[in-house]
Structures are given as structure tokens and as C-alpha cells.
Amino acid sequence: MATLKDLASREDLLTGGHRACAGCGMTSIVRQILLVAGKNVVVGCATGCLEVTTTIFPYSAWRVPFIHSAFENVAATVSGIETAYRSLRKQGKIQEDMRFIAFGGDGGTYDIGIQALSGALERGHKMLYVCYDNEAYMNTGNQRSGATPFSAHTSTCPVGSVIKGKQQFNKDLTSIVAAHGVPYVAQANGAFWKDLTTKVEKALSVDGPSFLNVLSPCVLGWKYPTDETVEISKLAVDTCFWPLYEVDEGVYRITHVPPKKKPLGEWTKPQGRFRHFHQPGGEALLARAQAEVDRRWEKLLSISEKPRKPGQ
Amino acid sequence: MESKGAVLTGEHFISGNEACAEGALAAGCRFFAGYPITPSTEVAEHMAERLPEVGGTFIQMEDELASMNAILGAAWAGAKTMSATSGPGFSLMMENLGLGIMTETPCVLVNIQRGGPSTGLPTLVGQGDMMQARWGSHGPYEIIALSPSSPQEIFDLTIKAFNLSEQFRIPVLIMSDEVVGHMTEKVIIPPADDIKLTPRRTPKVSPEKYLPYDPDEDLVPAMALAGQGYKMHVTGLTHDRKGYPVITEEAQIELVQRLIDKIRKNRDKIIEYHEDQCEGADVIVCSYGISARTSLLPIQLAREEGLKVGLFKPIVVWPFPEERIGQLAAGVKAFVVPEINYGQISLEVERCAHGKAEVIQVPHAGGGIHDPAKVLEAIRRAAK
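Residue numbers (this note's numbering), protein chains in the order written: chain R, 1 to 312; chain U, 1001 to 1384.
Watch out, some of these pointers could steer you wrong.
Said to hold, decoys possible - Listed below are the simulated DSBU-like cross-link pairs for lysine-lysine, each with C-alpha atoms no more than 30 Å apart in a straight line:
(1) 194(R) <-> 90(R)
(2) 306(R) <-> 171(R)
(3) 1356(U) <-> 223(R)
(4) 1004(U) <-> 164(R)
(5) 1374(U) <-> 1356(U)
(6) 223(R) <-> 39(R)
Stated by the list, open to error - Here are the computed distance ranges between Cβ atoms for each label pair:
(7) 227(R) <-> 1188(U): 44 to 50 Å
(8) 1131(U) <-> 270(R): 46 to 52 Å
(9) 1011(U) <-> 292(R): 55 to 61 Å
(10) 1232(U) <-> 292(R): 53 to 59 Å
(11) 1269(U) <-> 180(R): 51 to 57 Å
(12) 287(R) <-> 1235(U): 43 to 49 Å
No lab work stands behind these hints: they were computed from the structure. All C-beta atoms, glycine included, are put in the ideal place defined by N, C-alpha and C.
Based on the provided sequences and hints, a complete structural model is requested.
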């Protein structure tokens, strides 16, 4: 397990100078992941914020081999790379021990990319797929996705006088991936660096596909001040909206149990996309969102190993 | 709740993408399924706001395959339907565009073209999908595609697209581009009573006598809608007049020949173009969409130099106005064809000119519009 000092001494493989927005959660997540992965990786990236902000010609922020696919197929592209690598290695043409990481946003993973992801998981390619989930199509200006939470405002499910934002709950993609029975699946969050980096180490060590779903706050889409990204990330965990857990060889394990489960409103209140929750008449909507968070949390508790007490 | 009407009669200062959405609403579109993609997203965003105000339905789908299928499904349920996309999404829609053609499903598909191939230039202009519009889905077919040059034209042509799709039971394409989509200009929306709409051709015979693919004299069959009591079988397989799959050469010839002929034999009712000083011209600039508009300046400059230059602008690009190009070819030295690709419509002009006039391409890779000096230089060369 790498220490903070150790991680901080490593070379950043996603450099500064990229064009991500101030306060973007995504780039710090990717930097943490690459600090663990090291230089012997090939990165594939779906069309989306990460690709657009880090690869504006003639610059690249990547210090590792990088391939951009179309929107829907990064898992398939990396499947091809990983297969070719295995063949070349078998033929003795490559000696290095390589790792393969596919990055996709929630649009490129939950929605248009889920077919390619599912195929790659089922075929069993040795790759890590990371979804940086900012809960809408942020690259095209905040349209709803399968990851957008209930009642959040986006430009294609606006909060109006009658219809209040998205009418559906967000898809539980982590469970969908876990249902493929792959060796390692986890939910993580950029504000919990030790939890995230430990999960990356585990994910890269398994012999087969692994998947990380990482919540990635978006300043513009979620509408909060640029200096609150870490705080908003933490609140998503402390309210149990975004539990940190892993599914390790089929065993569910909650990796961080909030000392005190906070009300969902503490996470939604600083975010403009949920402003209507905190205006007169918004209580019922917030209560509905809270009920779903509670239901999912209780379900997760019921299927997870009993959390160990400190010292055990 | 204050509800705006479907037809916002009056003068507006809006973008091409918003004008497209308003044109659809004015044409009676009450169902939009789409997926965000630059530079078309504003069409979806505008429809997401406006459709609920007029009792319509907006659905955001999980990708463009689903978007295209959803508008086909909703059309069969009886709605006038539309989707909007751009290059990569247009590519994904091609299989189901073919399904729409085969099942003779009226709907409108908007392509706000950007630079390609692949992800290309999401935020910048292109006209590289013109031949894809014609041939992008597999198998033999005819298609209808329109090309607007301004926000006003995209409003007007969106209404026309809906009317043509109902008249001929076919998906109609609006092949616009990023510049027209994002350009903001005055758009005049006429009173609702002045907008002529083509209603869906529903069956006149009883359910017992109805054959879903038995064509009228113009080769277009009447379309029963879900809930009307008619028995239907809708399939992408080759089918007979009952709609049942028949996997034979005879059935294929009967069906596909009619799908081709219903457009080819009705060309005169579909084709529309704009001509300016083409009679007596030595050179005709043939261009469409934003490129027709950027050609206006070089044409004016050439005329000031004393050259006899005309403008031929296909408004309906597919089917292509081949007879008219053939007639004009007899009287001119050359056609100049500026387009934001490496020669697509220029190949059609060349084909239709039958060697009677030279065809000078003015290609552009995309990412910007033509430099008027280059078009002017091509006109001068053509006039020699």
C-alpha cells in the first residue's frame, strides 16, 4: 500500500496545462489513478470531458501512451489493444508487464458505451475500466444521463414550473458491472485518496477485468463554487448517496462507513442543480430522493460483509 | 402555468438550431427523441423545453441508435416525429434510417454537419455527409434531403420536410451545418393558418379490406396507426402488400422497385431549387447550405468585373435536380461548385452535365467556410 509521501514523490503522468475547468473533480481523480498505475500503462479514452480537455492539439497532457476512441467504444478499443499485447507477449515481441486503463465519463459508460463495456467484461480482458461519473453529459453542456440523480436540473430535463428536473433515479451501474462476475468492482471518490488508490492497486493486480466507478463533481453542471469540490465529494459519501465499497471476487465490502449518516440535503444544498429541493415546496422531492438513498444503502448493508471495527 | 402555443407567430432573433425546433413544432411535431451531440444539441435542448408546453413528448435516449428507433416507433403510434444529430450520431443512425425507408415511416432527421471523419471537429462546420445522406444505409433506396442556408430557411424547410415525409411516407433529412445551426438571425414565423400542413394518409377502406403496403396511384400506401383497429405487421424484412415477410426475388423486385419509384416518379413534386441569373450565364455557381451563402460575395464581385455568373442553389439536394442541371449545362462554359468537402455534390453536377460543361470543384476540408477569393478565382478560371 503506497503512502502519501510515496505517491507524492512519483512523477505526475497527467500534467498541468490541460484545459479542464477550475475545480474539476475529474483530473485529480485521473492523476491519483496514474500515480498508482505508473508508466507501464496504455490509456484509452472515450470522447468526453477528459479527452477534450487534455488533448487539444498540438498539446497533450498525457505522459503515457494514449488513444482516443469514439464515444461508445473505449472498452472495445482497449479490448483490441490488450488482445494484441497478449499475442505479442506470447510471441516474445514484448517483454514489459503492461496494464491497460480505459477512461469514460458517465455518458460514455452508463449509456452509449454500456454495450462495449459489457462485452469487454464478459470476454474477460485484463483491463481496468474507470468511469469518471459527473452525472450528466457535461462535455456538451449538461444534458441528462443515466447517471443523473433524481430531480437534478439539466438542459434536457430542466426544472420548470410543472416538471422538476429528471423524473427517474440514477442507474446503479456499479451493480450492473458487478453482475458480470468480474474479479474486482468498486465505487470510489476523489476526496478519499487512500481508499481510491488502494482500490486502483487491487484493480490492477487482478487477472481479468476490473471496474472503478468514481464520482467526479462538476462545477458547471452541479453549480457550486470551484473551491468546494473536495467538500462536495465528501458529502456524497457521508450522506450515503455515493457509498464507498468494493465487490472483491463477489464479496461486497463497504470500505468506508460514515461515522454518522448525514441527511441528503447537506449534499444537495450547495448545488444549484438541486436548488428547488431547498425552496418552498421542494421538501417532498428531497424526501423522495432521500428515501431512494436510504433504500440503496440498506440494501448495500444487507449484502455486504459486516464492517470491521477499528483494530480488528 | 402560462403555456406558449406551438406556432410562435411573429419576428424572432434566434439561432438556426432553435429555428429548426420551432419549425418542427409549427409543422405539428409532437415527439422528439435525441442524444446530445455538438453542434446539434440546441435542437434537443429547445425541444426539451418547448414540447411539454404544447403537450408533446421529449425523450433523451441512450444513444443515436435508440433515438432513430424511437422516432420510428412513435411515428407508427401516430405522432409526427423528429431527431437531430451530427456526424458520429448520423453514422450510428444509418441502419435504422434504412429501417425507416423499408417500413415507409414518415419522420424527420436533422444533421447539423460538422467536420469529420470520426469525432473530427465537433464545434466547427463541415458538409462532408452529403453522400452519406444519399447512400449511407445499406441496400438500394431513394431518399429526400433538404439543405437550408439560414435560420429562416431551416425554419421553412423543417416544415417542408415534415410535409414531404407525410406525403411520401419516408424519413426526410435536413442536411444543415454548424454555421447555419449556430447563426443567430431574424426569423419570421407566419400565422398558424398560413402554414400548410400535409396530414398523414390514413386508410380509407375498412380494416378487413386494408392492405398496409397496397399503394395508391402515386405509389404511396396509406398508413394505419396504432389504435385505429387495423391489423399491422411492420418489418424490416422484404414484405408483400400485407406486410408479411416474403424472402423471394419477386417480392424484392415488387417492393424495392416501388420504394425507388415513389420518389423517382414523383421528382417534380419534390425537387426545389433557387436560381439567380442562370439564364444567359457563362458560369453557374452551384452550391448549397452555408456554402451557397458564402458564394454570394464572390458572385457579386465577379459580376462587377463584367462576368456573367449565375447561382444555382439546390434546396432539395436529394433527389438531385439532374434535368435542370443538364439543361443549364448546355448553355454555360462551366459550373463552379464550392462545398465543404472534397467533392460530393460536384460529382453529381458533373454526372448531370453530361460533359457539356466543365465542373470546377472548390473543395474545403471543413472547420471554416470558403475564402471568397478562392471562389472568385474559380469563377474567373471558369469564365475563360
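These are the hints, each one checked on the structure:
| no. | hint | result |
| --- | --- | --- |
| 1 | 194(R) <-> 90(R) | violated, 35 Å |
| 2 | 306(R) <-> 171(R) | holds, 25 Å |
| 3 | 1356(U) <-> 223(R) | violated, 62 Å |
| 4 | 1004(U) <-> 164(R) | holds, 18 Å |
| 5 | 1374(U) <-> 1356(U) | holds, 24 Å |
| 6 | 223(R) <-> 39(R) | violated, 35 Å |
| 7 | 227(R) <-> 1188(U): 44 to 50 Å | holds, 47 Å |
| 8 | 1131(U) <-> 270(R): 46 to 52 Å | holds, 51 Å |
| 9 | 1011(U) <-> 292(R): 55 to 61 Å | violated, 46 Å |
| 10 | 1232(U) <-> 292(R): 53 to 59 Å | violated, 39 Å |
| 11 | 1269(U) <-> 180(R): 51 to 57 Å | holds, 54 Å |
| 12 | 287(R) <-> 1235(U): 43 to 49 Å | holds, 47 Å |
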